[in-house]
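Take the given structure of chain U and dock chain W to it, following the hints.
Chains as they are written, first to last, in the numbering used here: chain U, 12 to 135; chain W, 10 to 218.
What the hints contain is simulated information worked out from the structure, not anything from laboratory work. Think of the CB as a built atom: it goes at the ideal place given N, C-alpha and C, for glycine as much as any other residue. Hints are not guaranteed to be accurate.
Stated by the list, open to error - Pulled from the structure, derived: some chain U residues nowhere near chain W, Cβ distances all over 12 angstroms: (1) 35; (2) 58; (3) 60; (4) 69; (5) 79; (6) 84; (7) 93; (8) 121; (9) 123; (10) 125; (11) 131.
Said to hold, decoys possible - The following label-pair restraints were derived from C-beta to C-beta distances: (12) 133(W) to 52(U): 22 to 28 angstroms; (13) 180(W) to 52(U): 42 to 48 angstroms; (14) 130(U) to 129(W): 45 to 51 angstroms; (15) 125(U) to 137(W): 35 to 41 angstroms; (16) 76(W) to 58(U): 16 to 22 angstroms.
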Amino acid sequence: MAERRSARNEASDSDADAHGSLGRYVLGLGLAVALTLASFWVAGTHAIWMPGIPVLLAVLAIAQMGVHLVFFLNISSGPDQTNNVLALAFGIFVVGLVVFGSMIIMANLNANMLSMPQLLQLQR
Amino acid sequence: MNAANPTASGDLAREEIPLSKRGPASTRIVVGFGFWLFLLSDIVIFATLFAAYAVLSGQTAGGPAGIELFDRSHVLIETSCLLASSFTCGLCLLASERRNRAATYLWAAVTFLLGASFIALELTEFVRLTNAGDGPTRSAFLSAFFSLVGTHGLHVTLGLGWLLVMMAQVATLGFLPMVKRRLYCFALFWHALDIVWIGVFTIVYLGAR
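Chain U with its partners taken away, still in its complex shape (with noise of 0.2 angstroms):
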């Protein structure tokens, strides 16, 4: 048993595929480029109606974020990878969590404020 574990690990430790392949990076690195031009270009133009850029640039974003995940650190729906997955759900939600929930409540207390005249007014 001790045998063939020790056979196990000495096979994943010279798996190649679980870093991944030459012609992955390479294809990881093209996609990364286009959508880093993308975002530049977008940014600049004024060939796209002004309020859709923020959200192109998120979606461009997003899309280059996953393009690292998959092609860089190899987050696969592999078996072994079942854990390294459920991790990066979790870290999503509370990134998500993070930066809305302080955007919502800081826009919130912001919206609720009462400005510094009628501050003063409550206070004589």
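Using the frame of chain U, we list chain W on its own:
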């Protein structure tokens, strides 16, 4: 089982034995998972800084707004450096898998140079802003900007130090499984920093209004 070919028997075992009866995962998978948890908690730190930036980005206290301060072509060069270094870092990992010493050193050197150029460009921008009187003390917006971008730059700097340590280990210890696992963790760290940078250049530099 075919004892003469451990890789083939390993693959066979992986397919036939159900997940619950396979025993502990290999060290590389356990180490990768542990380091992945660290990276996610690091990304949560960045999320708090992003939240602070999103809340404070309009609070310029009468000072300059982002759109007047940032130079997009400068940021594009920074982004190219970091993206290219992420790619060469992957090539360095592949070279270490093949136990090719020369290629490992070459790609590690290229990764180091690209990372160092990124840091140099970022410092140039920080010095330019501070000299013009737009340092972190100017407004809440600039405090949030310097905290977020500075924390990322600090991570990249520490990563450069880690890369030097890894090359010293390859030189002295050779390609031990332990050293290869550490190189793998370094590559994960470097790629994760690139993911954070995507958020930085999209929200801070391109999203500046």
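How the hints compare with the structure:
At roughly 8 angstroms, the least C-beta separation between residue 35(U) and chain W is not larger than 12 angstroms, which violates its mark as non-interface. With a least beta-carbon separation of about 16 angstroms from chain W, residue 58(U) lies farther than 12 angstroms from that chain, consistent with its non-interface assignment. Every CB of chain W is more than 12 angstroms from the CB of residue 60(U) (nearest about 16 angstroms), matching its label as outside the interface. The non-interface label for residue 69(U) is inconsistent with chain W: the shortest C-beta to C-beta separation is roughly 7 angstroms, within 12 angstroms.
Remark: the non-interface label on residue 79(U) conflicts with the geometry, its nearest Cβ contact in chain W lying 5 angstroms away (cut-off 12 angstroms). Distance check on residue 84(U): its Cβ comes as close as 5 angstroms (rounded) to a Cβ of chain W, failing to clear the 12 angstroms threshold; non-interface status is violated. Not every CB of chain W lies more than 12 angstroms from the CB of residue 93(U), the least distance being 9 angstroms, so the non-interface label is violated. With a least beta-carbon separation of about 9 angstroms from chain W, residue 121(U) fails to lie farther than 12 angstroms from that chain, contradicting its non-interface assignment.
Listed as outside the interface, residue 123(U) is consistent with that label: its C-beta sits roughly 15 angstroms from the nearest C-beta of chain W, beyond the 12 angstroms cut-off. At roughly 18 angstroms, the least C-beta separation between residue 125(U) and chain W is larger than 12 angstroms, which holds for a residue marked as non-interface. A cut-off of 12 angstroms between C-beta atoms confirms that residue 131(U) is not in contact with chain W; the least separation is 21 angstroms. With their beta carbons about 24 angstroms apart, residue 133(W) and residue 52(U) fall inside the hinted range of 22 to 28 angstroms.
A C-beta distance of roughly 43 angstroms is found between residue 180(W) and residue 52(U), which places it inside the suggested range of 42 to 48 angstroms. As the Cβ distance of residue 130(U) to residue 129(W) is approximately 48 angstroms, the hint placing it in 45 to 51 angstroms holds. Between residue 125(U) and residue 137(W) the beta carbons are some 40 angstroms apart, a value that agrees with the proposed interval 35 to 41 angstroms. For the hinted restraint 16 to 22 angstroms between residue 76(W) and residue 58(U), the CB-CB distance of approximately 19 angstroms keeps it satisfied.
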